[in-house]
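Can you build the whole structure from these sequences, using the hints too?
The primary structure of each chain is shown beneath.
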Amino acid sequence: MATRGFSSGRRPPADGDARIPPGQYLEQGFPVLSAGPTPRVRTEDWSFTLKHGPRPIKKWNWAEFNALPLTKMTRDIHCVTAWTKFDTAWQGVLVDDILADAGIEPPTAYTLALAFDGYTTNVPTKDLTDGKAMVALLYEGEPIIADHGGPARLLVPHLYFWKSAKWVNGLQFTTRDEPGFWELRGYHIYGDPWREQRYTDDP
Amino acid sequence: MSDAATARSPWQAASIVRIEKRTPRVTSFFVQPSRPFAYRAGQHVDVRLTAPDGYQARRSYSIASAPDNDGVVELAIEKLDDGEVSPFFHEVAAAGDEIELRGPLGGHFVWPDDDGGPLLLIGGGSGVVPLMSMVRHRAARKSTVPVALVFSARIWDEVIFRDELIALDDRGDGFDLTLTLTREAARRPSDYSRRVDVTMVAQVMARLPGPPSLAFICGSNAFVSAAAQALIDAGVPAGEIRTERYGV
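Residue numbers (the numbering used here), protein chains in the order written: chain D, -14 to 188; chain B, 54 to 301.
No lab work stands behind these hints, which were simulated from the structure alone.
You may find that some hints are simply not true.
Unchecked claim - Partial list, derived from the structure: chain B residues whose beta carbon lies under 7 Å from chain D: (1) L102; (2) T103; (3) P105; (4) R111; (5) H143; (6) V145; (7) G160; (8) S273.
For clarity, every value in this text was computed on a predicted model and none was experimentally measured.
Note that beta-carbon positions come from the ideal geometry of N, C-alpha and C, so glycine has one too.
Okay, structure coming up:
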């Protein structure tokens, strides 16, 4: 159904078309969205904990975590509020390298990302490993500002960006796929932008 | 808390039944969904426009109406000069036109009156829209929950829903309105003429019968960040503050 009188729109550039998932538009800025006040986490208070269910496996402080191998990842990101941003450049620690430092193989098929503000989001473990995701420490070569999730945020760029938890402070392996904060509030359990899995009832 | 209200929300046609200019930059579009739905105060809908060649643009808009009315949904839309969807509404849309919408959406920035209070609402510019739904819901339910709304606008003529809000304030039934203008002098005795700050928030909170059990802040990211900090500095626990940001 065409909308009467709507013809122009903000079409994507021809060469970028194939990089924009359905229902998204290209954004040049970097919008800020979050469900509560922005926590100001000082690096001296920062820690990151790997857990299997309630049981901690290993915990790192800021210095220990920064001593892990750093990897660069430049990716397009896709927010469920319909903006897509090309070529965002991050550096951080691959989830693979976190697991290697803890000396474990992933113990379960599902993971819940945990954050300082109480936010949670669920991601299948296989979407975090094999170089697909990292805990990012730098954006465009600089420390990540608090508005964008600093000191550290999860980066799972192939899923809608609410999965890339800001102010991340842990990963918890879970036996079942446990819905996180937005997944309990109407948003899709998996969130693949290429299948436009925005809301609970999207296929 | 699973969100049954959004469990089934496919795209549907909706017709614009009435258009009402609210301020020089904000106009309300009253839309009748072909399949009316229940929603909660504070929720939003996604709107989709389709060009003749199939290109589609979608944006989220908060619902301004109370969920207690006749099923017509009021979207109060600010015109963004560099926008893609809002210029269509402001320059093209007419009563009788059809658009597509999906909703209701969002399960966090919501206040059903049985969630209680006292409630502290802070809105900047068109960020007042989802808060207006809560204020109207309270009035429609004849709720006695104490509610304070701080509404920051640049000038008096950009105070969206101004007459309605002042009329609700005048009832003296536990709804307390504070207007703060950032580019003009205050017009009413209890109003301010500056940005939201901790002193203002503390003075508004002191008029509530008790500390707020929930606070909702909506506006631009800069507005929400500053207001959230003011609430935290005034002693509102971060866990009781819910925010919604335009994202820019």
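Hints violated by the structure (listed by number, smallest first): Numbers 5 and 8 - these are the hints that the structure violates, sorted from lowest upward.
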